[in-house]
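Both chains are given apart, each in its own frame, so use the hints to dock them into the complex.
Residue strings, one per chain:
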Amino acid sequence: MKREKQLELLSRWRDGELPPNERVRVEAARAALGGEAEQAWEALGEHLRAQPVPAPTPEAMWNDVRRAIRVAQAEPAVAVGAGGRWNWAVAALAVLFMVGVGFLGVRIWLAPSAEAAMPRVAWVEAELPGSSAMVYEDEASGAVVIWLMTPDEGPSGEEQL
Amino acid sequence: MSCEGFQGLEVGVGVNKLGRESSNTDEGIAPEVLAQMVARAQAGDEDAFGELVKAFHGRVFGVIYRMVSNAEDARELAQQTWVKAWQRLGTFKGDAQFFTWVYRIAVNTALDQGRRATRRREVSLDEEPGREPQAAVEWQAPDEGRPDRQLEREEVRKAFEAALDGLAAEHRMALILREVEGLSYREIAQAMRCRVGTVMSRIFYARRYVQDRMKDVR
Chain V
11 MKREKQLELL SRWRDGELPP NERVRVEAAR AALGGEAEQA WEALGEHLRA QPVPAPTPEA
71 MWNDVRRAIR VAQAEPAVAV GAGGRWNWAV AALAVLFMVG VGFLGVRIWL APSAEAAMPR
131 VAWVEAELPG SSAMVYEDEA SGAVVIWLMT PDEGPSGEEQ L
Chain C
41 MSCEGFQGLE VGVGVNKLGR ESSNTDEGIA PEVLAQMVAR AQAGDEDAFG ELVKAFHGRV
101 FGVIYRMVSN AEDARELAQQ TWVKAWQRLG TFKGDAQFFT WVYRIAVNTA LDQGRRATRR
161 REVSLDEEPG REPQAAVEWQ APDEGRPDRQ LEREEVRKAF EAALDGLAAE HRMALILREV
221 EGLSYREIAQ AMRCRVGTVM SRIFYARRYV QDRMKDVR
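Protein sequence lines, in the order shown, are assigned to chains V and C.
First residue of the first sequence: 11, per this note's numbering; consecutive thereafter.
First residue of the second sequence: 41, per this note's numbering; consecutive thereafter.
Excised from the complex, chain C in its bound form (with noise of 0.2 Å):
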């Protein structure tokens, strides 16, 4: 799938058919107080800057998180995303959504990381046949009151974190973009620097693949 080019981002927000509004916004501050807070970062006010961060870091850390499946090294990406934003300030035009802008560097700092650790395991998977991919972050399913509907739904969720591990890096982020940011195609491709139809197909890929290695679960 070939990745194209990219002419500067339109900001758009849409609902989806989930209901969800598009999330590519800038966390409900108003956009002269963020225009002020960016000009005076830009300018090289580093406390104005903290204040953008506090504002965004919730996101910015998520999606890095759900791709990376590690408290620890979200961490360390999502520091790494705010420090190429220092950085890159700018080159920051005010074109774009503030956010669209930071998320776009942290969608591909997880991405560099993602094709990493796909990588890295493909070569662990090589060297250990048979061994299963481990969820990396334990957490408590909501507590139905059965022990035996609790280890259910504890295997379906190794499952679904198995699967989301054979995904490419590339995949498994445009679904986390569609599926929990609520992206729209466009916002997707532009995140992601290609085509709205690789965006698509990337996405129908994921979806079928994650079924397909589901289907013996349940």
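One chain only, chain V, in its complex shape (with noise of 0.2 Å):
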């Protein structure tokens, strides 16, 4: 950890970053450190430097930007006037059939189905063998009946609850 310390120091002594006290520590430590980070850091920045640039040449890159410059130019006015009718008639247009949605859906979740309009019947297990029962609910009356079905003996008939 005092070595990091110590070559944080050194990397911004070598940039000329320290105050002058601190500046006379890291020198009289700089032999302790090796030199083998300075001259790792001193190749780096050889290398960045060394680094070709393939510049165009100024009137060339200034012919890129005029033109750049005029199509920026012409660009806003033109997506500004169009998309600003076109965003205005998009939100409308949504706004409308979003609100015909939510009325449908209420409508279709509010009316009584066809199925629910009919009697609801429910098949029940009879206890006794080869008997059967029947449940519906009658519209008219509101009331529920349960109609069971022996094959010869045993209950019968219709009773209203």
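One thing to keep in mind: the hints can contain errors.
[Claimed, not checked] To give a feel for the contact side, a few chain C residues facing chain V, derived at Cβ under 8 Å: (1) Gln82; (2) Val93; (3) Gly98; (4) Ala111; (5) Asp113; (6) Ala118; (7) Trp122; (8) Trp126; (9) Phe244; (10) Arg247; (11) Val250; (12) Gln251.
[Unchecked claim] Computed footprint of chain V on chain C; a stretch qualifies when at least three of its residues, placed anywhere within it, have a C-beta under 8 Å from a C-beta of chain V: (13) 99-110; (14) 217-224.
To be clear, the hints were calculated from the coordinates, so they are not data collected in a lab.
Just so it is clear, CB atoms sit at the ideal spot from N, CA and C, and this is done for glycine as well.
Dropping the structure here:
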């Protein structure tokens, strides 16, 4: 950890970013750090500075920039004008669509289905072999009807609850 | 590392440890001439703006190119930088040097691209394990007369490029601004809109990272 701190100070010293008192301290400690880091950092700097930069000519760059400025100047006017109308139209249509869908959804949800209008019938297992029972709700009277059917004997008929 | 709000540029010219003059200057153009050019450009004079582009294009392109290592991308980003500068000319108040102002736009344009490239590279490396990053630009090292020496130099150059490719955009930019452009930490902080302490740690981290990656090369 101490070595890392010293190297950090060395990095700042190399860049001329240390106050005088710390500068003296780092210069005294340089030998102990071995010079490995300094050599590596110097090589790195040399590599970066030696990298050739294939810059286009100033005239070529200005031609590019001028063209791009023209395009940028033309684009916002078209985009804002047409875009503004389009956005309003899309927004209005979207709102109308959403309202319509919501309205339809509510109607479908609230409306009694054809299935629901029919008496709800449930078949149940009967205790007696060969017999069966039918339970349904009478829409007209609101009564629940239990209909029992037996093959020969036992309770038979219609009983209203 | 947090980047904080920026209180406006202060112009300073200093000499660093490497003996390079801080590059925060306006390309040797007389201040009054430059001020006139800027004023004309702000009034909508495209030719005046063209003179500014031609004067500062080299350094704007250089810093962007070193970030992206690709000539076509650098050209595109340099173009974007100048278009942004043209669109924002009205916000330039003359309290900073013109180049410093353009420089900041260039740095941030390159940083944005660098972040995107880093993300793309991460995805690409995830898809292709074991792939080594390739140097984007081929260049010829000075001929020292010995093929084996040239080969060795080429190996070192590729290793440097691979190591630099592994750096985050912010670390790489701070390193370039320091090592190539010779900016002080304060100037780098202003260009990158962050604290001086952040710049210091970014540069140190970048150096240690590259040093670590290079230790087996030589």
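Hints versus structure:
{"no.": "1", "hint": "Gln82", "verdict": "14 Å, violated"}
{"no.": "2", "hint": "Val93", "verdict": "5 Å, holds"}
{"no.": "3", "hint": "Gly98", "verdict": "6 Å, holds"}
{"no.": "4", "hint": "Ala111", "verdict": "5 Å, holds"}
{"no.": "5", "hint": "Asp113", "verdict": "12 Å, violated"}
{"no.": "6", "hint": "Ala118", "verdict": "6 Å, holds"}
{"no.": "7", "hint": "Trp122", "verdict": "4 Å, holds"}
{"no.": "8", "hint": "Trp126", "verdict": "5 Å, holds"}
{"no.": "9", "hint": "Phe244", "verdict": "4 Å, holds"}
{"no.": "10", "hint": "Arg247", "verdict": "5 Å, holds"}
{"no.": "11", "hint": "Val250", "verdict": "5 Å, holds"}
{"no.": "12", "hint": "Gln251", "verdict": "4 Å, holds"}
{"no.": "13", "hint": "99-110", "verdict": "holds (count 4)"}
{"no.": "14", "hint": "217-224", "verdict": "holds (count 4)"}
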